[in-house]
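**Q** Based on the sequences and whatever the hints tell you, model everything.
Protein chains in written order, with the working numbering: chain Z, 1 to 258; chain A, 1 to 258; chain D, 1 to 258; chain B, 1 to 258.
Hints are not guaranteed to be accurate.
Just so you know, same-sequence chains aren't split out, so a pair can sit in one copy or run between any two.
Derived DSSO-like pairs: lysine-lysine, alpha-carbon spacing no greater than 27 Å straight-line [said to hold, decoys possible]:
hint, residue 1, residue 2
1, K233, K212
2, K140, K29
3, K186, K46
4, K212, K46
5, K212, K35
6, K186, K233
7, K235, K206
8, K206, K233
9, K73, K212
10, K235, K212
11, K186, K6
12, K24, K73
13, K235, K140
14, K206, K24
15, K206, K6
Keep in mind that the hints were calculated from the coordinates and are not lab data.
Protein chains: 4
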Amino acid sequence: MVEEIKEGDYVLLYLDDRRSYMVKVESGKVFHTHKGFINVGDLIGKSFGAHLRSSMGTEFIALKPSIRDQIFKTTRGTQILYPKDVALIILFGNIMPGSRVVEAGTGTGALTMALASYVKPSGRVYSYEIRSEFLGIARKNLERAGVMDYVELKNKDITQGIDETNVDAVVLDMATPWLIVSHAYKALKGSGAFISFSPTIDQSVKTVEELKANNFVNIETIECLVRRIRAEKGKTRPETLMIGHTGYITFARKTIIE
Amino acid sequence: MVEEIKEGDYVLLYLDDRRSYMVKVESGKVFHTHKGFINVGDLIGKSFGAHLRSSMGTEFIALKPSIRDQIFKTTRGTQILYPKDVALIILFGNIMPGSRVVEAGTGTGALTMALASYVKPSGRVYSYEIRSEFLGIARKNLERAGVMDYVELKNKDITQGIDETNVDAVVLDMATPWLIVSHAYKALKGSGAFISFSPTIDQSVKTVEELKANNFVNIETIECLVRRIRAEKGKTRPETLMIGHTGYITFARKTIIE
Amino acid sequence: MVEEIKEGDYVLLYLDDRRSYMVKVESGKVFHTHKGFINVGDLIGKSFGAHLRSSMGTEFIALKPSIRDQIFKTTRGTQILYPKDVALIILFGNIMPGSRVVEAGTGTGALTMALASYVKPSGRVYSYEIRSEFLGIARKNLERAGVMDYVELKNKDITQGIDETNVDAVVLDMATPWLIVSHAYKALKGSGAFISFSPTIDQSVKTVEELKANNFVNIETIECLVRRIRAEKGKTRPETLMIGHTGYITFARKTIIE
Amino acid sequence: MVEEIKEGDYVLLYLDDRRSYMVKVESGKVFHTHKGFINVGDLIGKSFGAHLRSSMGTEFIALKPSIRDQIFKTTRGTQILYPKDVALIILFGNIMPGSRVVEAGTGTGALTMALASYVKPSGRVYSYEIRSEFLGIARKNLERAGVMDYVELKNKDITQGIDETNVDAVVLDMATPWLIVSHAYKALKGSGAFISFSPTIDQSVKTVEELKANNFVNIETIECLVRRIRAEKGKTRPETLMIGHTGYITFARKTIIE
Numbered sequence: 001m002v003e004e005i006k007e008g009d010y011v012l013l014y015l016d017d018r019r020s021y022m023v024k025v026e027s028g029k030v031f032h033t034h035k036g037f038i039n040v041g042d043l044i045g046k047s048f049g050a051h052l053r054s055s056m057g058t059e060f061i062a063l064k065p066s067i068r069d070q071i072f073k074t075t076r077g078t079q080i081l082y083p084k085d086v087a088l089i090i091l092f093g094n095i096m097p098g099s100r101v102v103e104a105g106t107g108t109g110a111l112t113m114a115l116a117s118y119v120k121p122s123g124r125v126y127s128y129e130i131r132s133e134f135l136g137i138a139r140k141n142l143e144r145a146g147v148m149d150y151v152e153l154k155n156k157d158i159t160q161g162i163d164e165t166n167v168d169a170v171v172l173d174m175a176t177p178w179l180i181v182s183h184a185y186k187a188l189k190g191s192g193a194f195i196s197f198s199p200t201i202d203q204s205v206k207t208v209e210e211l212k213a214n215n216f217v218n219i220e221t222i223e224c225l226v227r228r229i230r231a232e233k234g235k236t237r238p239e240t241l242m243i244g245h246t247g248y249i250t251f252a253r254k255t256i257i258e
Numbered sequence: 001m002v003e004e005i006k007e008g009d010y011v012l013l014y015l016d017d018r019r020s021y022m023v024k025v026e027s028g029k030v031f032h033t034h035k036g037f038i039n040v041g042d043l044i045g046k047s048f049g050a051h052l053r054s055s056m057g058t059e060f061i062a063l064k065p066s067i068r069d070q071i072f073k074t075t076r077g078t079q080i081l082y083p084k085d086v087a088l089i090i091l092f093g094n095i096m097p098g099s100r101v102v103e104a105g106t107g108t109g110a111l112t113m114a115l116a117s118y119v120k121p122s123g124r125v126y127s128y129e130i131r132s133e134f135l136g137i138a139r140k141n142l143e144r145a146g147v148m149d150y151v152e153l154k155n156k157d158i159t160q161g162i163d164e165t166n167v168d169a170v171v172l173d174m175a176t177p178w179l180i181v182s183h184a185y186k187a188l189k190g191s192g193a194f195i196s197f198s199p200t201i202d203q204s205v206k207t208v209e210e211l212k213a214n215n216f217v218n219i220e221t222i223e224c225l226v227r228r229i230r231a232e233k234g235k236t237r238p239e240t241l242m243i244g245h246t247g248y249i250t251f252a253r254k255t256i257i258e
Numbered sequence: 001m002v003e004e005i006k007e008g009d010y011v012l013l014y015l016d017d018r019r020s021y022m023v024k025v026e027s028g029k030v031f032h033t034h035k036g037f038i039n040v041g042d043l044i045g046k047s048f049g050a051h052l053r054s055s056m057g058t059e060f061i062a063l064k065p066s067i068r069d070q071i072f073k074t075t076r077g078t079q080i081l082y083p084k085d086v087a088l089i090i091l092f093g094n095i096m097p098g099s100r101v102v103e104a105g106t107g108t109g110a111l112t113m114a115l116a117s118y119v120k121p122s123g124r125v126y127s128y129e130i131r132s133e134f135l136g137i138a139r140k141n142l143e144r145a146g147v148m149d150y151v152e153l154k155n156k157d158i159t160q161g162i163d164e165t166n167v168d169a170v171v172l173d174m175a176t177p178w179l180i181v182s183h184a185y186k187a188l189k190g191s192g193a194f195i196s197f198s199p200t201i202d203q204s205v206k207t208v209e210e211l212k213a214n215n216f217v218n219i220e221t222i223e224c225l226v227r228r229i230r231a232e233k234g235k236t237r238p239e240t241l242m243i244g245h246t247g248y249i250t251f252a253r254k255t256i257i258e
Numbered sequence: 001m002v003e004e005i006k007e008g009d010y011v012l013l014y015l016d017d018r019r020s021y022m023v024k025v026e027s028g029k030v031f032h033t034h035k036g037f038i039n040v041g042d043l044i045g046k047s048f049g050a051h052l053r054s055s056m057g058t059e060f061i062a063l064k065p066s067i068r069d070q071i072f073k074t075t076r077g078t079q080i081l082y083p084k085d086v087a088l089i090i091l092f093g094n095i096m097p098g099s100r101v102v103e104a105g106t107g108t109g110a111l112t113m114a115l116a117s118y119v120k121p122s123g124r125v126y127s128y129e130i131r132s133e134f135l136g137i138a139r140k141n142l143e144r145a146g147v148m149d150y151v152e153l154k155n156k157d158i159t160q161g162i163d164e165t166n167v168d169a170v171v172l173d174m175a176t177p178w179l180i181v182s183h184a185y186k187a188l189k190g191s192g193a194f195i196s197f198s199p200t201i202d203q204s205v206k207t208v209e210e211l212k213a214n215n216f217v218n219i220e221t222i223e224c225l226v227r228r229i230r231a232e233k234g235k236t237r238p239e240t241l242m243i244g245h246t247g248y249i250t251f252a253r254k255t256i257i258e
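**A** So, in structure tokens, the structure goes:
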């Protein structure tokens, strides 16, 4: 049973490793690229992974968008958090199907989307964003990714407190994470995970100090470097340019003083 | 509603960032450490995250084991694959709740356990292992982690073929991944993910060559370096020693030639 | 006694960390930049390090060109070897004042220039280059750097053999270093250093195999990553982009079988 | 003309990449290892690089100690500064034959030894050390390396000022480098190099702030990671463990305000 492309699905029109386009499939729709146009409607009924040709004869492939594709497309223009960081936040933060997670700030919803994809179907993401202008953008991105059912978007200032209790994780991607530590302590269940992503080391240091003062243990700050390798027989070498820094991630777990 | 520790649960008795012990909670059980003994049964009815003292007065914390803890405890002694690699395999491989995943080889079940934790409740991991002596160990580890229901352990040689079809991902952690590429092509759905972890660059190069010859695209090989930072006001610095290499991960996606 | 800028000296007109210009000082000379023109002749008699203003009022600083500046300016357009690699080649290769060094290939002379700067005044660099069109460029760069007296440029194919004997080091930056290993053995004194820089790992592996077969010991292959940090109070972080790869460097020492 | 080992020379008795011993050659001397004893006196008249056998038949090689070997042997037990850092300090700091360099603190003399090896024969290192107990150790190490003639050891507190003027570089490996910035400005010639090595980022940030306030330009802070590769046909991979951090190096150049 092959998974067929349907009206309304999103596809990633893949040209090469540098160029791909996320497009909604609609009958009769024409998508224009610098390599000619593509009759997107013709994809209906084909399999994901199908090859197709533009009007100029260039080959594209209709991939099914992955979480990583969606992170890249969602953060276009404001990108700070990379898929590598999202991956570590989720696994090191023990965020799983069924987890209840508080997040701030929502931004364009890239991290929200990834979190929602992993807590579904029974978990939930409570996402705080003080800047109301972002919530519409985030909602649109979450709907496109098909995970809006697992998210509660909240137009609230998380520095004023967290409504939820007994949550599995609190994930922060915001300028002043140290202000949220005591709120996070109240919101988390025992042994629950505090996770914070920050571009500067100064933010991490302030956050770690607060965590130490608030009954968290197993506090650690890491950075993650991903290096792409050109694996080719007889001329294998890492790529010349790499991303040298996105941010530091701090993890900690709540302890209970009875 | 605080999550209470019950008879039969596993706890991570956390002493410090270097020393922690995974213990099953049973009434009357005594656990011996070099810091004195601990009456593990006393934990029943307490909250995860609770502090407790050994007979010598040393403080331990009863954390709830995370996936990362379980990976570390499961791989003890044979460790190759690290949590950082598992995190990238899952997110970059688009493995999610509901995914059907073929894996080889099972080994002690560390990767199987992580995969199962993320495909549950509706997904499934089909795990191939030719060495029958490992299957008992893996089953025990998977049962301890509570994910055996989502796994099918198969005592089969994956180089002879894959039984499943239309799967979302094929994940390989074995010596000769290039021998599995054509089998993986048949097993995968269109746009599905091929993922292979290898300690040496030679294995990656051979695998990439096979992928290029078998209608896969978006082929990339990466390595991931995680660096721990001592974030401490006035004396912040990365740790002196780090893991400089675990392995290379190769990702690719199946295309359909109609 | 301040070091004054003289007619004929080179200065580095430094605008900021991204933009600087290497200029020869001549009386009456005008140098044009996108920030206005500079009367370069006015620098005569001033101290290195002096501030000066362009016709548009932009401040430049007349730095004395360092070896690193000269490497950057010399390799413009063909850059493979970076100052970080040159630094390790020299120190790990034990190349010092007085050393006699064989080098191939000369190219534009960037590495030759650095080697000559460190073996002077009593040492010497014998630099082999098969492509005669490069020798003129290299000579000009070496003369500009003031080190031509310590270099012998040789328009010869080093794969055919090395004329010199009893040298302290053989340094290779060429496509097929493994072909030179037996020649290097003959040219080197006992305990002397073999050093080879290669962009691909395949070249390094072939070279290491040859070294093992030719009575070299202490063979090691390394790569060097330099990361720039934005050290700024309250917002310290590594730079986003970094050079992820230039090449691998292999070192070895000759042993004597008597 | 082969370089012969003479009475009084030092040799590096090399067993493998992990084990080597620096020994002074004296006639009749016996050196004991866990692989049996070696008649060191027998080396007199042999070539550097010669193979020899211990009483138990194990093969050693009598290498000529390199600067890198000497750094390793000198820092044994107090090692902070690694050869990779020394290499960058020297090349990026434009320290060359003929340079006059101020250094603090001397410590065991590892960096002093390397600096002296590169400024010789006409340059000089002025090395400040407030702790008098270190000066004897440093002198012994510098004499062993044969570079004491190029060094002036000064039992002085560099935070009180620098005696020398018009120097090419000031190199600091001490706890409070920011206190030396204004002294370094006075001591340096125009365009001269300030270089400071610090284990923590906090030290680097303070130093950079002082440099900005004291007419230095081209200020940069870097860290250097060296990764060892096991280059072996069919099983090439980086080493599992690596040094993840030694320190940050800050470079700057003095400008002249006339």
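**Q** Work down the list of hints and note, for each, if the structure agrees.
**A** Each hint, compared with the structure:
1. Taking CA atoms no more than 27 Å apart as the test, K233 paired with K212 passes between copies only; the shortest distance there is 12 Å, against 50 Å inside one copy.
2. Taking the shortest Cα distances, K140 and K29 sit within 27 Å of each other inside one copy (20 Å), while across copies they are farther apart (53 Å).
3. Only between protomers do K186 and K46 lie at most 27 Å apart by alpha-carbon distance; the minimum there is 17 Å, versus 50 Å within a single protomer.
4. Taking CA atoms no more than 27 Å apart as the test, K212 paired with K46 passes between copies only; the shortest distance there is 23 Å, against 55 Å inside one copy.
5. In this assembly of identical chains, the alpha carbons of K212 and K35 lie at most 27 Å apart only when taken from different copies (23 Å versus 56 Å within one copy).
6. For a Cα distance limit of 27 Å, the shortest separation of K186 from K233 across copies, 25 Å, qualifies, whereas the shortest one inside one copy, 55 Å, does not.
7. Taking CA atoms no more than 27 Å apart as the test, K235 paired with K206 passes between copies only; the shortest distance there is 12 Å, against 45 Å inside one copy.
8. In this assembly of identical chains, the alpha carbons of K206 and K233 lie at most 27 Å apart only when taken from different copies (8 Å versus 47 Å within one copy).
9. Proximity of K73 to K212 under the C-alpha cut-off of 27 Å is restricted to the inter-copy arrangement: shortest distance 26 Å between copies versus 37 Å within a copy.
10. For the homomeric pair K235 and K212, the shortest alpha-carbon distance between copies (16 Å) is at most 27 Å, but the shortest distance inside one copy (49 Å) is not.
11. Taking the closest pair of Cα atoms, K186 and K6 come within 27 Å of each other only across two copies (23 Å); inside a single copy the shortest separation is 45 Å, beyond that limit.
12. Taking the shortest alpha-carbon separations for K24 and K73, only the intra-copy value of 13 Å comes in at or below 27 Å, while the best inter-copy value is 44 Å.
13. In this homomeric assembly, K235 and K140 never come within 27 Å of each other (Cα to Cα): the closest approach is 44 Å inside a single copy and 32 Å across copies.
14. In this assembly of identical chains, K206 and K24 lie within 27 Å of each other by CA distance neither inside one copy nor across copies; the values are 43 Å within and 36 Å between.
15. Taking identical chains as interchangeable, the C-alpha atoms of K206 and K6 are never at most 27 Å apart, the minima being 49 Å within one chain and 36 Å between chains.
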